[in-house]
Amino acid sequence: MEAIIRTLPFFINGALETLKITVIAVGIGSFLGLIAGLGRLSRNRLIRALATCYVDFVRGTPLLVQIFIVYFGFPQVIQQGKTFLQTQFGLGPFSETSHIPAFIAAIVACSINSGAYVAEIFRAGIQSIEKGQREAALSLGMTPRQTTLYVILPQAFRRIVPPLGNEFIAMLKDTSLLFSIGIVELTRQGQLLNAAIFQPFPIYLTVALFYLIMTLSISRLVDFTERRLGVRGHHQS
Amino acid sequence: MAIIKVRNLKKRFGKLEVLRGINLDVAEGEQLVVIGPSGSGKSTLLRCLNMLEEPSEGTIEFEGIDLTDKNTDLPKVRESIGMVFQSFNLFPHKNVTENITLALVKVKGMKQEEAKNVAYTLLEKVGLSDKVNAYPSQLSGGQQQRVAIARALAMQPKVMLFDEPTSALDPEMVGEVLSVMRDLAREGMTMVVVTHEMKFAQEVGDRVIFMDEGLIVEEGPPEQIFRNPQNPRTRSFLTRVMQ
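Chains as they are written, first to last, in numbering that gives the first Met the number 0: chain Z, 0 to 236; chain H, 0 to 242.
Be aware that a few hints might be false.
[As the list claims (entries may be wrong)] To spell it out: a stretch of chain H is covered by chain Z in this simulated footprint if at least three of its residues, at any positions, have a beta carbon under 8 angstroms from a beta carbon of chain Z; those stretches are:
| # | stretch |
| --- | --- |
| 1 | 60–68 |
| 2 | 146–159 |
[Said to hold, decoys possible] Some chain Z residues close to chain H (C-beta under 8 angstroms, calculated; not the full set):
| # | residue |
| --- | --- |
| 3 | Gln-87 |
| 4 | Gly-89 |
| 5 | Glu-134 |
| 6 | Ala-135 |
| 7 | Leu-139 |
| 8 | Thr-147 |
| 9 | Val-150 |
[Unchecked claim] The list that follows gives simulated cross-link-like pairs (lysine-lysine, DSSO-like), each with its CA atoms no further than 27 angstroms apart:
| # | chain 1 | residue 1 | chain 2 | residue 2 |
| --- | --- | --- | --- | --- |
| 10 | H | Lys-69 | H | Lys-93 |
| 11 | H | Lys-9 | Z | Lys-130 |
| 12 | H | Lys-105 | H | Lys-157 |
| 13 | H | Lys-93 | Z | Lys-130 |
| 14 | H | Lys-75 | Z | Lys-130 |
| 15 | H | Lys-198 | H | Lys-124 |
| 16 | Z | Lys-172 | H | Lys-124 |
| 17 | Z | Lys-130 | H | Lys-14 |
| 18 | H | Lys-107 | Z | Lys-130 |
| 19 | H | Lys-69 | H | Lys-124 |
| 20 | H | Lys-198 | Z | Lys-130 |
It is worth saying that the hints were derived from the structure and are not from the lab. Source: prediction; values computed, not measured. Beta carbons: idealized from backbone N, C-alpha and C, even for Gly.
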């Protein structure tokens, strides 16, 4: 117990790292997801197909593999791209190394992953808005774009707050996979501490508790936001 | 002069042909009432008039502009064609005033203050001056429908389309909506009304159209249609609904 209290700052640092990566990844992911979600509903068949491919690929493969593709795979592609540009077009010289810093790779992989899940959340949210809303806006002379922007999305946003909160919680837990490329987030921090003082049970229990504190706080926050926004369509005035 | 001209309009949903060749002129200032059994295509016809439903064949002209032409600026044309829906379709995330000002600001580019004044004037007209800050969920069906009418009128349309505006209302609220529509008719607004309110049709309509199975079966002044229908289908429909 005393060992845990002494090492508490390490846990806090790890938790903050976990939180930081999750916030950035879900933030970028929400943006990607909005675009991909709208893409899934586009009238243009090519855009729809691209968005569907992205969502299917990401949701159909493990995050761990996606992390490996970005961290280990992308540098190889970049390297070959440089060689190609040099030999074919005489461009360059480029920097020797194509290594991607682990933190950047982590953000890229998690953002892409989150984007696909958020895309489905947006798509479902937009489709849940009654057809009459779109028709009313169009009948007033709004363009399809204005209709989406001022009538559909504001209503969809309210409905996606709860599932978006779930996505945030899921991503928060999934960032533990980043230990595999050497990111010192909460789980990796626990591993390192255990290697130093070998107290596996209290250490991993503390790690779990930290995750629990974060996930519970987030669901409370989501509940609160939900009530404030009047998600169920009723405004308190 | 005809403000709306419909020629050989057909609409298919998959194999089902809902409109099977409609020809119709609506004159400026006219109040046209469309009646007929459910599934006869009357709502689809109305929804084609502002292209919420895309016709499969035929043309629709509004003030000489062919709406079925791919190059027609539909949003621009729709500014002049107001529509009131059976289920009101107010924007639930906006209060009554904002429901009315949204399109004024975004489409007509009006200043917020000016748009609000337009909204207040219209809300007074439909008898809802005390509800300017209410949200749709706080209003009764009749009140919501009156806001929806005010919202459509704010765009200063040349034609108003009503798609069964009282069908979703409790009986005691039908009157307040019909009375707003009656005022509009008196002011000379061009109106196309799909309705089951036969009394209203007789009282307000300049002309009544009876539709069945995707076709206009009979049309004429209300006295003729309701007192002396020529077609047996009109007759049997009217006996069913008028008893």
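Consistency of the hints with the structure:
As drawn, the stretch 60–68 of chain H meets chain Z at 0 residues by the rule of a beta-carbon pair under 8 angstroms; below three, the given contact is violated. Beta-carbon proximity to chain Z at under 8 angstroms applies to 4 residues in the stretch 146–159 of chain H; the threshold of 3 is reached and the given coverage holds. This hint is violated: Gln-87(Z) has a C-beta 44 angstroms from the nearest C-beta of chain H, more than the 8 angstroms allowed. The closest approach between the C-beta of Gly-89(Z) and any C-beta of chain H is roughly 48 angstroms, which is over the 8 angstroms cut-off, so the hint fails.
The restraint placing Glu-134(Z) at the interface with chain H holds, with a minimum CB-CB distance near 5 angstroms, inside the 8 angstroms limit. Because the smallest distance between the Cβ of Ala-135(Z) and any Cβ of chain H comes to about 4 angstroms, under 8 angstroms, the interface hint for this residue holds. A distance limit of 8 angstroms between C-beta atoms decides the matter here; for Leu-139(Z) the minimum to chain H is near 4 angstroms, and the interface restraint holds. A hinted interface residue such as Thr-147(Z) counts as satisfied when its beta carbon comes closer than 8 angstroms to some beta carbon of chain H; here the least separation is about 12 angstroms, so the hint is violated.
Because the closest C-beta pair between Val-150(Z) and chain H is about 6 angstroms apart, less than 8 angstroms, the hint holds. Under the criterion of a C-alpha separation no larger than 27 angstroms, the hint pairing Lys-69(H) with Lys-93(H) is inconsistent with the structure, at around 33 angstroms. At roughly 23 angstroms between alpha-carbon atoms, Lys-9(H) and Lys-130(Z) fall within 27 angstroms of each other, so this suggested pair holds. The straight-line distance between the Cα atoms of Lys-105(H) and Lys-157(H) is roughly 20 angstroms, inside the 27 angstroms bound, and the hint therefore holds.
The suggested pairing of Lys-93(H) with Lys-130(Z) holds, with an alpha-carbon distance near 17 angstroms, which does not exceed 27 angstroms. Simply put, Lys-75(H) and Lys-130(Z) have alpha-carbon atoms about 21 angstroms apart, close enough for the 27 angstroms limit, and the pair holds. For the proposed pair Lys-198(H) and Lys-124(H), the alpha carbon gap of about 23 angstroms is at most 27 angstroms, so the pair holds. A hinted pair counts as satisfied when its Cα atoms are at most 27 angstroms apart, and Lys-172(Z) with Lys-124(H) does not qualify at roughly 57 angstroms.
Of the supplied pair hints, the one linking Lys-130(Z) and Lys-14(H) holds, its CA atoms being roughly 22 angstroms apart against a limit of 27 angstroms. Taking the CA atoms of Lys-107(H) and Lys-130(Z), the gap is near 24 angstroms; set against the 27 angstroms cutoff, the hint holds. At roughly 37 angstroms between alpha-carbon atoms, Lys-69(H) and Lys-124(H) are farther apart than 27 angstroms, so this suggested pair is violated. As the CA atoms of Lys-198(H) and Lys-130(Z) are separated by approximately 31 angstroms, the hinted pair breaks the 27 angstroms bound.
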